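Novice: Use the sequences and the hints to build the structure in full.
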Amino acid sequence: MTDFLPKSRIDRAPSPLKLKLLPPVTVMLGSMLAAVPIYTDYPIWPPLGLLVLLAWWVLRPGFWPVWAGFPLGLFDDIFSGQPMGSAAFLWSLSFILLEVFERYSIERDFWQGWVFAALAILIALLGGSIVSFGAEALVYANILLPQIAVSILVFPLIVRLVGRIDSWRLSA
Amino acid sequence: MAPPKNRRPGFSKRAQYSIFISYLLAVFGLAVGLLLLVISKADPAAFAVIRAAGTEATAPLSRAMAGTGSFIGNLGEEISAYFHAGSKNARLQRHLDRAQVEIAESKALKLENARLRKLLQLREENPDAIVMARMISTSASSTRRLGIIDAGSMHGVERGQPVRAAEGLVGRILEVGPSTSRALLVTDGDSVIPVKNAIDGVPAIATGLGDGTVKISAVNLGVNPFKVGDLIVTSGSGGLFTPNIPVAVVIRMSGGNGIGKVLASPATSDYVIVQPVFKEQLVDELERVVVPKADGDGE
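So the sequences go chain by chain: A and B. Per the numbering used here: the first sequence = residues 1 to 172. Per the numbering used here: the second sequence = residues 1001 to 1299.
Read the hints as simulated data drawn from the structure, not as lab findings. As the structure is a prediction and not an experimental result, all values here were calculated from the model. All residues carry an ideal CB built from backbone N, CA and C; glycine is no exception. Any given hint might turn out to be false.
[As the list claims (entries may be wrong)] Covered stretches of chain A (in silico footprint by chain B; criterion: 3 or more residues with CB under 8 Å from a CB of chain B, positions within the stretch not fixed):
1. 35-48
2. 61-74
3. 78-85
4. 126-136
5. 143-151
6. 158-170
[Unchecked claim] Here are the simulated distance ranges between beta carbons:
7. B:P1225 with A:V150: 39 to 45 Å
8. B:N1113 with A:P156: 47 to 53 Å
9. B:P1044 with A:V150: 24 to 30 Å
10. A:E107 with B:V1192: 49 to 55 Å
11. B:A1114 with A:A149: 23 to 29 Å
12. A:P146 with B:M1253: 23 to 29 Å
13. B:D1200 with A:V25: 57 to 63 Å
[Said to hold, decoys possible] Residues from chain B that face chain A, not an exhaustive set, calculated with beta carbons under 8 Å:
14. L1037
15. V1049
16. R1051
17. I1136
18. S1142
19. T1207
20. G1212
21. A1267
22. Y1271
Specialist: What follows is the structure in structure tokens.
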């Protein structure tokens, strides 16, 4: 009988599929956005997949398993133009470091999250350059500065955006 | 927000194991990532199929937005121009003073340019182009410089084929999908191109530096034969690239090598031509070595 009534506005649970899958899907979409037609002589587009990943990490501590960097990084490698395995390796490394940080931290706030996200961005971008070109990459590291700056500054914006997505994720 | 409380899962063996296993998986992922990296460094085309599929999947997005790209591409320059306005003004003033002298020089250069253009025969050079296509994206988030071209194996594009624009050499095809392909741009750090000085034919190697310039190192040891303003063109040595495609202009010298600004910047060359792989006749090569002026035969 209750089928005829409008769905209850209280006591509803969001679909478990949405709860589980929405974060990885947003990360993958972020990675795929590397296909935007930007023609540059130097890297400038922020690694959106990584930024979305870190935004979820800031907003939902404990959501990502420690190994999440590997599959998502591997997916990112398909689209970024980096050698295959580059992000899979570097994102895994970042996640292990973030996990170590989480183990020893007592309290966590947005600012700390931003600082550690910035470190992870630095690892990913500088590391990405090193795995492509070896130690020579450090000589030409100044090429990366605009991209690193853009990525770190755009991060709070991504967190806001992911926050919006998160509230939709938790709504039934 | 406080970290979650699942760090110490109490006495539940199952919870303890699952955390331990997730750590194991993380380290395993790290190792596999490193292994894949080693494989793809050893053989850059190892995962070409997967990446070509990825490029195909995102190509509609790139195509749809391709028109707006050059604006975003130039945005960085626009912003930095704003910040450097003051010093730029002073610099421009100095340039203006110098320009008076240079006008006279440029008149001479113009004549030389016209002669070179004739020599290079830009138009007549590509009757055998495989396809003319749009460059729909570049790897803007990676330090690698790759361009995505809106033509693939359906159009006859194959791995290794040179890609050029009206301004000059763009790169060569690295990975091919059915309707898209990825080109390794001249400026990529892994790109090495046999070149020569357009005027005297001094052979050199152009290596990408990843920032829109190439390092031009002479093949012969000794005094660097390049000077600022020299036009660098492909030499055709070793095949692959058709000779006499313009590559770069030397803009400064650095540690005995020339630094050249690549002529076909991805921001300006949205249409590119894919050419067949150049198979050089041995006779031609011999001729060029014996008679260095052979380049002028086209007149």
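Novice: Please go over all the hints and tell whether each is borne out by the structure.
Specialist: Hints versus structure:
| no. | hint | result |
| --- | --- | --- |
| 1 | 35-48 | holds (count 14) |
| 2 | 61-74 | holds (count 10) |
| 3 | 78-85 | holds (count 8) |
| 4 | 126-136 | holds (count 6) |
| 5 | 143-151 | holds (count 4) |
| 6 | 158-170 | violated (count 0) |
| 7 | B:P1225 with A:V150: 39 to 45 Å | 40 Å, holds |
| 8 | B:N1113 with A:P156: 47 to 53 Å | 51 Å, holds |
| 9 | B:P1044 with A:V150: 24 to 30 Å | 27 Å, holds |
| 10 | A:E107 with B:V1192: 49 to 55 Å | 52 Å, holds |
| 11 | B:A1114 with A:A149: 23 to 29 Å | 44 Å, violated |
| 12 | A:P146 with B:M1253: 23 to 29 Å | 26 Å, holds |
| 13 | B:D1200 with A:V25: 57 to 63 Å | 58 Å, holds |
| 14 | L1037 | 4 Å, holds |
| 15 | V1049 | 11 Å, violated |
| 16 | R1051 | 6 Å, holds |
| 17 | I1136 | 5 Å, holds |
| 18 | S1142 | 4 Å, holds |
| 19 | T1207 | 10 Å, violated |
| 20 | G1212 | 3 Å, holds |
| 21 | A1267 | 5 Å, holds |
| 22 | Y1271 | 12 Å, violated |
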